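Visitor: Here the structure of chain A is known, so what remains is to put chain B in place on it, guided by the hints.
There are 2 protein chains.
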Amino acid sequence: MVEIINIGDELLIGQVVNTNASWMAEQLNLSGFRVNQVTVISDSRDHILNALAEAGSRSSIVLISGGIGPTKDDITKHTLCDFFNCSLVFNQEAFDDVKDMFARRGYPVTELNRQQAELPENCTGIPNKLGTARGMWFEKGSPGGGKTIFVSMPGVPFEMKAMMTGYVIPWLKQRFITPFIFHRTILTQGVGESFLAAEIAGWENALPGHIRLAYLPQPGIVRLRLTGTGEDEDILHRQVEREVEKLEQLIPQYIFGYDGETLEEIVGRILAGTGTTLATAESCTGGYVAHLVTSIAGSSAYFKGSVVAYSNSIKEQVLGVDPDTIRQYGAVSREVVTAMALAVQRKFEADYVIATSGIAGPGGGTPEKPMGTTWIAIASPDGVVASHYLFGDSRDRNIRRTALQALNLLRKKINAGNADNAGN
Amino acid sequence: MVEIINIGDELLIGQVVNTNASWMAEQLNLSGFRVNQVTVISDSRDHILNALAEAGSRSSIVLISGGIGPTKDDITKHTLCDFFNCSLVFNQEAFDDVKDMFARRGYPVTELNRQQAELPENCTGIPNKLGTARGMWFEKGSPGGGKTIFVSMPGVPFEMKAMMTGYVIPWLKQRFITPFIFHRTILTQGVGESFLAAEIAGWENALPGHIRLAYLPQPGIVRLRLTGTGEDEDILHRQVEREVEKLEQLIPQYIFGYDGETLEEIVGRILAGTGTTLATAESCTGGYVAHLVTSIAGSSAYFKGSVVAYSNSIKEQVLGVDPDTIRQYGAVSREVVTAMALAVQRKFEADYVIATSGIAGPGGGTPEKPMGTTWIAIASPDGVVASHYLFGDSRDRNIRRTALQALNLLRKKINAGNADNAGN
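Here the protein sequences come in this chain order: A and B. Every number in our numbering is 12 more than the matching position in the first sequence, counting from 1. Every number in our numbering is 12 more than the matching position in the second sequence, counting from 1.
Please note that a few of the clues may not be correct.
Heads up, the list lumps identical chains together, so a pair's fine if it works in one copy or across two of them.
Said to hold, decoys possible - Derived lysine-lysine pairs resembling DSBU-like cross-links, with alpha carbons at most 35 angstroms apart:
hint, residue 1, residue 2
1, 111, 424
2, 425, 359
3, 111, 89
4, 185, 89
The hints are simulated quantities; they were obtained by calculation from the structure and are not laboratory data. Keep in mind that this is a model prediction, so the values were computed, not measured.
So that you can see chain A by itself, here it is in the shape it has in the complex (with noise of 0.2 angstroms):
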């Protein structure tokens, strides 16, 4: 059983969303631990120590995180000894550590760093890859006689997650029997939640009840998640893949891919096993599909580069579309869209191209052409072919829509012209 406590006053007054509680339950959840409790509390001495001591009485995991920054309201490591009932020593390890990520970057050590390098005396320092400050992991014996485990982790998100992947939730796992849990994540892309709910109910009611499903939507995306839990490893395995294959059957245009990855990621390997290149001719998405492409490591290997042509002079003076053209049919239109990508592809010799024109919002609709109203084109060695979709009334996600429905449109064009080779 573990309780997670969050500290920070920014929590409390609305600021920031506690989006690190549910990053820790769910990677708690998929490790085969249950979480119990979270409770989100302020950066104040007694009510750390209040928290701390209730939560100890419950579980026999505690995580906690929030407050252990270099800045003074910054109190979690003095209240952890008084908890404790230990001493700060300074910790040569830790500070060497700090020292070496500061003299890569060019950056002095400060006094404040030298203070973080100081640990409570008791605890089992955890590295901090991303960040000055170490994590804490204490153990405290109960009065029933068993222990329990306390672990202070950094609130910046990204030094917790890198400190919750690679040493905490390994560590708890070599101390603690746990089920055997098993997920499975099909993604799909291009149908909502509630049509995509009434299409696959049939198979949704018929699965074993040791295998649930979770509709975790997003902008444009619909995750299903499979969670099996038995007691071998390997039946589990079997019968949740079992359940994967039917909907595979069911629902194969939906699909495009599994677990955590992206549909970016995807296309970029096709790209690059493929050896073929890509780049975008965007309007709505503003550089958006560009961005998501760039944010996968190695992409320069296929990426060839991008013109946003935000303005109607951009799609006419760089790209070289009529304005004719446009004044005939629109910026928003099967014609400008297919230009936008032939152009592109000319100039930038790319093998792929994707183009966007669309009204992104929250200005710009017309009874003929509301918002939401987007040409996705996709250029290939075979041609262009343009779509038509209507998204929705939000200017955000009717950006990520067009860019993931663009992205997976390529995907499948790559794929479809694959298997043509290969049957040849």
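Guide: Showing chain B alone in chain A's frame:
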């Protein structure tokens, strides 16, 4: 002192992020109620009873969300009866509300809805205009002689929000005299948390006791939040603003904005206000600067577009950068980023251009130009200025920090130009 209890298994497996808590905390703070703790628990009777008892022993107001829907896992209402030692009684008014709502939507009333109209006998019902479950307001004497107010609300966010805004907060304000609370957040860029803390330590230590400071770091940005508490609204505002002014004199070079603003919003407002235009020439940021700029509604008024020149061939063929310059200085150099900026300024006829070239990583670093090495150029009507940075060892954060640094350089450049013009 308020405590929030959120009930729901979905919050403890990480499937749902607890946005209810942050919204409730923000609204309460804006009304002068301080939230002391947020507790997330499962849909389990013992756990709910325990959390209610603990919260009631500490706080005068306990707000509960979740667990009062129509499905069988929703046991909150029965547990509340146990806690307050009373029975459920049928409430005709509550049932009429549900019947009216369903009649308007053309739905039949079910036996489940009839059960939902049963309320604990010693509570005051709170109308729910958007759903079938009423809220419940209880008052319970505490051992010290005072009273604790417990309010149970739905977990569905829009139902809870309407109930909080329409009833719960107004009723609480009638019952409690609340201090004024005033928040001001100062946004900084270009400095890490520990360096910033060292620079403002004197100011921070001299803050009056009723004004507190919190550091809220994000990749590339550190937000400084001042929270003042006092009896007189006007005096409190002036006191907090005086501290903000002192800070503005101390670190003007880092401050780019206030409260909930983003750099892309601020830059957009300045461009729109001065009637000038922007384009970008991006290598290492891969379209991310363009994406940030175009994430703002109305950006088509000032953003012309971008060339993402990810490969050297695009820098040469599309932007016309001299291949000899790239060969001599490398793509990540003052010379190349300057040439990129000028080429796009000319091609796009833009007043301002942001150009980026860097080694985002993880590959591509050398001893002379390690990962994180970045050049940013800002072209303006006055010419072009390039600056050099050494960011860190995370690809995502290098992209983000480069983009934020570039937007802030642009903001300073435009503002400096305006100041010059005003002086002429």
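Visitor: Each hint needs a verdict: does it hold in this structure or not?
Guide: Structure-based check of all given hints:
1. Proximity of residue 111 and residue 424 under a CA criterion of 35 angstroms is satisfied inter-copy only: 33 angstroms between copies versus 49 angstroms inside one chain copy.
2. Proximity of residue 425 and residue 359 under a CA criterion of 35 angstroms is satisfied in both settings, with 21 angstroms inside one chain copy and 33 angstroms between copies.
3. Within a single copy, residue 111 and residue 89 get their C-alpha atoms as close as 20 angstroms, which meets the 35 angstroms cut-off; across copies the closest is 56 angstroms, which misses it.
4. In this assembly of identical chains, residue 185 and residue 89 lie within 35 angstroms of each other by CA distance solely inside one copy; the values are 25 angstroms within and 37 angstroms between copies.
Checked against the numbered hints given earlier, the structure satisfies every one of them.
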